[in-house]
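Taking the hints into account, I'd like the entire structure generated from these sequences.
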Amino acid sequence: DAGVTQSPTHLIKTRGQQVTLRCSPKSGHDTVSWYQQALGQGPQFIFQYYEEEERQRGNFPDRFSGHQFPNYSSELNVNALLLGDSALYLCASSLAGGTGELFFGEGSRLTVL
Amino acid sequence: AQKITQTQPGMFVQEKEAVTLDCTYDTSDPSYGLFWYKQPSSGEMIFLIYQGSYDQQNATEGRYSLNFQKARKSANLVISASQLGDSAMYFCAMREISSSGNTGKLIFGQGTTLQVKP
Numbered sequence: 016d017a018g019v020t021q022s023p024t025h026l027i028k029t030r031g032q033q034v035t036l037r038c039s040p041k042s043g044h045d046t047v048s049w050y051q052q053a054l055g056q057g058p059q060f061i062f063q064y065y066e067e068e069e070r071q072r073g074n075f076p077d078r079f080s081g082h083q084f085p086n087y088s089s090e091l092n093v094n095a096l097l098l099g100d101s102a103l104y105l106c107a108s109s110l111a112g113g114t115g116e117l118f119f120g121e122g123s124r125l126t127v128l
Numbered sequence: 071a072q073k074i075t076q077t078q079p080g081m082f083v084q085e086k087e088a089v090t091l092d093c094t095y096d097t098s099d100p101s102y103g104l105f106w107y108k109q110p111s112s113g114e115m116i117f118l119i120y121q122g123s124y125d126q127q128n129a130t131e132g133r134y135s136l137n138f139q140k141a142r143k144s145a146n147l148v149i150s151a152s153q154l155g156d157s158a159m160y161f162c163a164m165r166e167i168s169s170s171g172n173t174g175k176l177i178f179g180q181g182t183t184l185q186v187k188p
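Protein chains in written order, with the working numbering: chain A, 16 to 128; chain B, 71 to 188.
No wet-lab data here; the hints were simulated from the structure.
Label pairs and their computed distance ranges (CB to CB):
1. B:Asn-128 / A:Gln-33: 38 to 48 Å
2. B:Gln-153 / A:Glu-69: 35 to 45 Å
3. A:Gln-56 / B:Gly-155: 22 to 32 Å
4. B:Thr-75 / A:Gly-99: 20 to 30 Å
5. B:Thr-130 / A:Arg-30: 42 to 52 Å
6. A:Ser-80 / B:Lys-140: 37 to 47 Å
7. B:Gln-126 / A:Leu-26: 38 to 48 Å
8. B:Gln-153 / A:Gln-33: 41 to 51 Å
9. B:Asp-99 / A:Asp-45: 21 to 31 Å
10. A:Glu-69 / B:Gln-180: 22 to 32 Å
Now the stretches of chain B that chain A is said to cover, found in silico as 3 or more residues with beta-carbon under 8 Å:
11. 111-117
12. 175-187
Note that CB positions come from ideal geometry on N, CA and C, so glycine has one too.
Quick look at the structure:
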């Protein structure tokens with residue numbers, strides 16, 4: 016039973032560039048949430064996708080956008096990268112209407128130079 | 071606004087001893103869920119234990135137990151018989167339980183780094 020998988024695991028970008036991060040949810044899960052975790056901090060909720068729509072959003076600018084595909088996988092896009100966007104980006108999946116337990120991937124570590 | 075506070079940036083414990091990691095929360099919602107996650111250096115957040123706001127008994131999962139004191143708004147994690155593999159970052163988190171169902175939005179604390187000494 017495959018867990019949550021994320022790609023790439025590490026990447027380096029320069030300021031102003033754009034990045035796309037990908038996530039495949041745990042088998043049987045239909046809801047994907049994205050979190051940003053700065054070094055030494057707790058994760059911060061970015062947004063959640065269910066039925067290919069953004070259902071809930073945290074306090075992040077419009078530079079952060081996402082998408083969910085019919086197979087429930089998801090992408091996180093960040094435009095006009097800033098140095099402060101350097102972080103570990105975590106994807107979590109869950110089953111709508113279930114217990115709500117989130118299963119996390121190992122994350123994509125983004126460094127912006 | 072919801073808030074999670076973990077006041078212990080770092081903790082040390084001797085192998086085989088028990089350790090308590092503190093967590094206090096603030097919410098005005100009557101329905102909420104409290105979680106503890108473990109994050110090793112690999113980065114993955116590993117679910118440890120869950121406590122619902124209406125659960126009458128403290129949650130337990132193997133060596134993990136949650137000391138839930140609702141009036142004090144605290145949800146401390148107790149790890150019994152610590153092992154070297156328990157060395158990691160530990161996060162307390164909270165989620166509202168809305169009428170529309172569970173959401174994926176968790177509010178996390180700052181975390182506590184636990185080091186287990188041999």
